[in-house]
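Q: Chain by chain, the residues:
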Amino acid sequence: MEEAVIQIKNITKEFKVLNHREGVKGGLMDLFSRDYRIVRAVDDISMNVEQGEIVGYLGPNGAGKSTTIKMMAGVLEPTSGEILVNGVIPYKNRAGNSQHIGVVFGQRSQLWWALPLIESFKLLRDIYQIPKAEYEEMLSFYASIADMENLLHKPVRQMSLGQRTLSDILAAFLHNPKIVFLDEPTIGLDVSMKAKIRELILSLNEKKHTTVILTTHDMGDVDALCRRIVIIDHGKMLYDNDMDHLKGFFGSYRTLKIRVSGDVNGHLAEIQRQFPDMRTETEEGWITILVDEEKTGVMKVLNTIQESVKVRDVQIEEISTEDVIRKIYEGDMG
Amino acid sequence: MNLKKYTSLLRAGIMESLNYRLSALVLFFGNLVYIAIIYYLWRAIYASSPTDVVGGMTFTDTLIYVVLASSLFSFMEMYFVWDIGRSVQSGKIALDLIKPMAYRDYVFWSCAGTLFTNFFSVFLPTFIVIEIVTKGAIDFGMNLVWFIPSVIMGVVINYNIDFFVGSICLYTESIWGINMMKQVIVLLFSGATIPLAFFPDKLQSIAYHLPFQSIYNTPLSILLMHSPSVSQVLPMILLQLFWCVALTLFTSLFWFISIRQVTVNGG
Ligand SMILES: Nc1ncnc2c1ncn2[C@@H]1O[C@H](COP(=O)(O)OP(=O)(O)O)[C@@H](O)[C@H]1O
Ligand SMILES: [Mg+2]
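Heads up: the protein sequence lines correspond to chains A and B, in order.
This note's numbering puts the first residue of the first sequence at 18, with every later residue one more than the last.
This note's numbering puts the first residue of the second sequence at 7, with every later residue one more than the last.
Hints listed in this document are in silico derivations from the structure and should not be mistaken for laboratory results.
It cannot be assumed that every hint is accurate.
Here are the simulated EDC-like pairs of lysine to aspartate or glutamate, each with C-alpha atoms no more than 16 Å apart in a straight line [stated by the list, open to error]:
1. K98/B x E151/A
2. K195/A x E151/A
3. K139/A x E22/B
4. K26/A x D52/A
5. K26/A x E223/A
6. K105/B x D143/A
7. K225/A x E334/A
8. K139/A x E154/A
9. K344/A x D250/A
10. K195/A x E223/A
11. K171/A x D145/B
12. K274/A x E334/A
13. K344/A x D309/A
14. K10/B x E201/A
15. K312/A x D294/A
Negatives, chain B to chain A, calculated, CB over 12 Å [as the list claims (entries may be wrong)]:
16. T13
17. L15
18. M21
19. G61
20. E137
The structure presented is a predicted model; accordingly, all values stated were derived computationally and were not measured.
Built from N, CA and C at the ideal position, the CB exists for glycine as well.
Work the whole structure out from these sequences, hints included.
A: Okay, structure coming up:
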């Protein structure tokens, strides 16, 4: 078997953060302060990723996902542990490593704002020294999967967020890197744009056999793209396995949301009494109930509730990434 | 060595700056307003002086110097410190660091297009206007030939100082204060606002031992010379060259140390 393109062994990353003081005087004192605290953003993580894999790298905000990606990209140096990307140590060989990776940090663009997209592409071609034939081939491939006519000659600042994200992803793939890191690329996009971007990532991965590491909060992204997922929280690895395996556990879960009027907490107590095994939450007049359909159907739960509570509005959702992560974190993996 | 990346960045920068025609216009008219103000300011200074010659310069000499200095400043000042500071704060620096190019080259060549545009939109018109108004106060001779390497080295020295100050931004979150301090020091000691000839002796001698005067004062002095001899110009050019090399070495080393602040501590 070929060597894994990403090999991570027991990496930890600690940040030294200044304890800020309040007010102007505090700000002045901060200048000379040695009052640091250590934040362990990534805590003893190990994994190997093979060429061509799409890995969903998940976790709640502040879990340490971006920090891990920055270490793989060579922007950050691990505090301890070993990391090899394409056989080199990224932070020691940043420029060399950069030829073989592409990165998209959601909502930060590497494109030239005032210029048509094609100019940013030409620039990347020259900076990465992409051979002419390969560049042309890549452009015609792009034309086959996206509406390039519309994008290429449009100044980036005139693009919608979706078009820009799409363009940034295409830019990251342009030099045909072995690995592309996508850090929350679909954040803030509408449903149809998300679908388009998923399709795009999938075809790029298929055509070029590019390894993709994707962080997202959108379970739809994960469903559409990732065969394997890795979950971290508080810097610690909680889970690393096939998507199918995870679905085996959570596929049968649905989130039932109902809007009630009147005494929300009273209704909640009533529902909790009726279904003591189910996790519930309230937020602004909505009650959320996590239902395991293998045990009780959602409709049955709803009918039971309706007998005693006046329901004004109903939503049924797939289990969200956050819910899955929380369940894993709570140790529901059996 | 592959020059394509640099020319390509230059080209993109030129196109990008042409897109901001409005800001070029603002720069141009801002410069005009500034020139009008200094005209009256210096006229007042000369009117209150008992002699026609102050600090070895006549009113016309001074006016030509300050007008050219201000247009040279508009052309050469690139506000790198803001760029670097902003990209540190927003985290965009991560994207720039993973380009297959040294960061200092990437930033410089990304902004070099603006220099190019500013040269033609600000400096050249001012130069021509002065030439017409003064009926040829500036020679068309060797002074122009020497001016070219001198102004290029001025740009390099200026960039090094900005890059150094930008590197300090890696340690602190407050770019504003540091940048203001830098601006004041450079504006004063470079001769960009007041000709060094007007400084008291002590201050003048300090200024000539600092790198800042190599940014604006040297190219300007060379430009204003009348058929300068090699022995006149060479010491000035060599001093500039010295500062170019010394500062490039120093700021590269300082950057190398400072960037660890980002990679190790996360900024
Ligand atoms: N440059 C930094 N300096 C100090 N702390 C940081 C820095 N970057 C991230 N952190 C901290 O590290 C933790 C993980 O952050 P991050 O990797 O951005 O999480 P995620 O991408 O999963 O949301 C957070 O607690 C965050 O506050
Ligand atoms: Mg993040």
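Q: All hints, please: hold or fail.
A: Evaluation of the provided hints:
1. Restraint check: the Cα-Cα separation between K98/B and E151/A comes to about 28 Å, which exceeds 16 Å; the hinted pair is violated.
2. Distance hint between K195/A and E151/A is fulfilled; the C-alpha atoms sit about 15 Å from each other, no more than 16 Å.
3. A C-alpha spacing of about 14 Å is found between K139/A and E22/B, which places the hinted pair at or below 16 Å, so the restraint holds.
4. The straight-line distance between the Cα atoms of K26/A and D52/A is roughly 31 Å, outside the 16 Å bound, and the hint therefore fails.
5. For the suggested pair K26/A and E223/A, the alpha carbons sit about 28 Å apart, so the restraint of at most 16 Å is broken.
6. Taking the CA atoms of K105/B and D143/A, the gap is near 12 Å; set against the 16 Å cutoff, the hint holds.
7. Pair hint K225/A plus E334/A does not hold up; C-alpha atoms about 34 Å apart against a cutoff of 16 Å.
8. This hinted pair checks out: K139/A and E154/A have alpha carbons roughly 14 Å apart, not beyond 16 Å.
9. The straight-line distance between the Cα atoms of K344/A and D250/A is roughly 12 Å, inside the 16 Å bound, and the hint therefore holds.
10. Taken as a hint, the K195/A and E223/A pair is honoured in the structure, with Cα atoms around 12 Å apart against an allowance of 16 Å.
11. With a CA separation close to 46 Å, the supplied pair K171/A and D145/B exceeds the 16 Å bound.
12. Of the pairs offered as hints, the one joining K274/A and E334/A holds, with about 8 Å between alpha carbons and a cut-off of 16 Å not exceeded.
13. Our distance criterion of 16 Å between C-alpha atoms is met by K344/A and D309/A, whose separation comes to about 12 Å.
14. For the hint pairing K10/B with E201/A, the CA-to-CA distance comes to about 33 Å; that exceeds 16 Å, so the pair is violated.
15. Annotation: proposed proximity of K312/A to D294/A holds, straight-line Cα distance about 10 Å (limit 16 Å).
16. At roughly 8 Å from the closest C-beta of chain A, the C-beta of T13/B falls inside 12 Å, breaking its exclusion from the interface.
17. A cut-off of 12 Å between C-beta atoms contradicts the statement that L15/B is not in contact with chain A; the least separation is 7 Å.
18. With a least beta-carbon separation of about 6 Å from chain A, M21/B fails to lie farther than 12 Å from that chain, contradicting its non-interface assignment.
19. Every CB of chain A lies more than 12 Å from the CB of G61/B, the least distance being 40 Å, so the non-interface label holds.
20. Distance to chain A confirms E137/B as a non-interface residue, since its nearest Cβ pair spans about 33 Å, more than 12 Å.
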